[in-house]
Structures are given as C-alpha cells and as structure tokens.
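Engineer: Sequence:
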Amino acid sequence: MIQELKNNFGHLFEAELLQEINQVGTYKDVSEGVKMMEIGDYVRSMPLLISGAIKILREDHNGDELLLYFLEKGDTCAMTLTCCLGQTKSEIRALAATDATLIMVPVEKMEIWAGKYKSWRKFVFESYHNRLNEMFATIDSIAFLKMDERLVKYLKEKSRISKDHIIYSTHQEIAYELHTSRVVISRLLKKLENLNKITLHRNHIFIKNI
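With the first letter of the sequence shown counted as 1, position 60 gets the number 60 in the numbering used here; the numbers rise by one all the way through.
Where hints are given, some of them may not hold.
FRET-style restraints, in silico, Cβ to Cβ [claimed, not checked]:
| hint | residue 1 | residue 2 | range |
| --- | --- | --- | --- |
| 1 | H61 | L195 | 46 to 52 Å |
| 2 | G115 | L200 | 52 to 58 Å |
| 3 | Q23 | D64 | 23 to 29 Å |
| 4 | Q23 | A143 | 43 to 49 Å |
| 5 | G115 | K197 | 50 to 56 Å |
| 6 | H61 | H11 | 40 to 46 Å |
| 7 | T199 | D41 | 35 to 41 Å |
| 8 | E4 | T180 | 20 to 26 Å |
Listed below are the simulated DSS-like cross-link pairs for lysine-lysine, each with C-alpha atoms no more than 27 Å apart in a straight line [said to hold, decoys possible]:
| hint | residue 1 | residue 2 |
| --- | --- | --- |
| 9 | K191 | K153 |
| 10 | K116 | K35 |
| 11 | K146 | K156 |
| 12 | K163 | K28 |
| 13 | K190 | K156 |
Quick caveat, the hints were computed from the structure, so don't treat them as lab data. All of these numbers come straight from a predicted model, not from anything done at the bench. Each residue gets a CB set at the ideal place from its N, CA and C atoms; glycine is no exception.
Model the full assembly from the supplied sequences, consistent with the hints where possible.
Structural biologist: Next up, the structure:
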C-alpha cells in the first residue's frame with residue numbers, strides 16, 4: 001500500500017513522512033453507504049482518502065441532514081482535524097458516497113508530525129482552508145440560490161464525484177441532503193426532465209444536459 005500512498009500524497013509529503021504514515025496508519029476499505037463517523041463520536045484517528053469519495057453532513061434539532069461537502073482522494077476532513085486537536089466529540093456525520101479506501105492515522109501523531117514535518121503542517125492548513133471554502137459555498141448556496149439552482153448544482157456534483165451520468169439516489173435522499181421536502185424535489189426533478197436535462201427512472205436519474 002506504500003505505492004498508493006506515494007501516488008496520492010507523494011507530491012505533498014517527503015519520503016520519511018510517507019514511511020511513517022504507512023507504518024502507523026490503518027488501511028480501511030469501505031463500501032458505498034457505510035457510515036464512517038457519527039455525530040457525538042469521539043475522534044480517535046484522522047482519515048486520509050486514498051480513493052473514492054466521502055460525504056460530510058450536519059444534522060439539525062429535528063434530525064434532518066444537510067450536505068456540507070464531499071471529500072475526494074488526497075483529502076482529509078477539517079472537522080475531524082478540529083476534533084482530533086481539541087479531543088472533542090464529532091459534530092458531523094461521514095458516509096461513503098462511493099466505495100472508498102482510506103488510511104486512518106492515529107490522533108496522537110498529528111501534533112508530533114506538525115512539529116517534525118513542514119509538509120504536514122502545510123497539508124493541515126490547506127485542508128482547513130479548502131474545507132472552509134466549501135462550507136462557505138454551501139452557505140452561499142442556501143442563502144442565495146433558489147432550490148432549483150441548488151438541485152442542479154447538487155446533481156452536477158454527484159455526477160462529478162461518481163464520474164457517472166447515472167445517479168442512484170432516491171427523491172427522499174436528495175431531499176434530506178438539500179434540507180427540503182421530497183415533494184419539492186420530485187416536482188423540480190420532473191421540471192428538469194421536461195426541459196430534457198435529465199431522465200427519471202424508477203431507481204436512478206440519468207444526467208443528460210445540466
């Protein structure tokens with residue numbers, strides 16, 4: 001697995017750090033839909049994504065979910081980093097958006113590597129910056145975009161992440177992630193189909209031209 005580490009992180013980390021990650025990290029394969037972290041869990045390790053995609057969600061007091069952002073290969077989660085450093089409980093839920101491979105790094109290594117490797121410090125700061133920008137984009141989407149625009153943005157992102165024009169999500173699942181009702185999503189999807197931008201099927205949505 002050291003070769004996969006080099007392929008994904010070799011341009012970021014020096015050889016010594018890659019060797020340490022390989023020695024202390026735990027490689028983990030997860031299937032699409034698997035819950036990897038729950039709200040309220042203590043964070044014991046930090047994920048480095050080797051392949052696939054993870055979706056990060058928040059939950060309101062009614063139990064409704066809101067999609068914050070996706071993690072892709074070469075990424076880590078800023079919310080996890082914060083919990084690791086502060087030894088606090090997770091405030092997010094992480095689900096595998098596709099089949100994925102990760103390497104889980106023990107939390108106690110974070111501060112050691114921050115002092116030992118300049119490349120690790122840079123990676124951590126850039127991860128904070130990237131995830132913060134993605135959360136800003138989510139906030140802007142909620143505040144400034146109409147629901148039909150948010151839906152199109154969501155479908156584009158799902159297609160990009162999965163590298164597939166077919167999206168295997170129910171209307172209810174999309175409604176949860178966009179924090180709206182199934183009736184609204186079904187109406188807007190039908191509108192997109194009438195505009196010849198998508199084709200609706202029983203178990204999937206085919207993206208044609210959005």
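Engineer: Which of the numbered hints above does this structure break?
Structural biologist: Failing hints, ascending: 1, 3, 8, 10.
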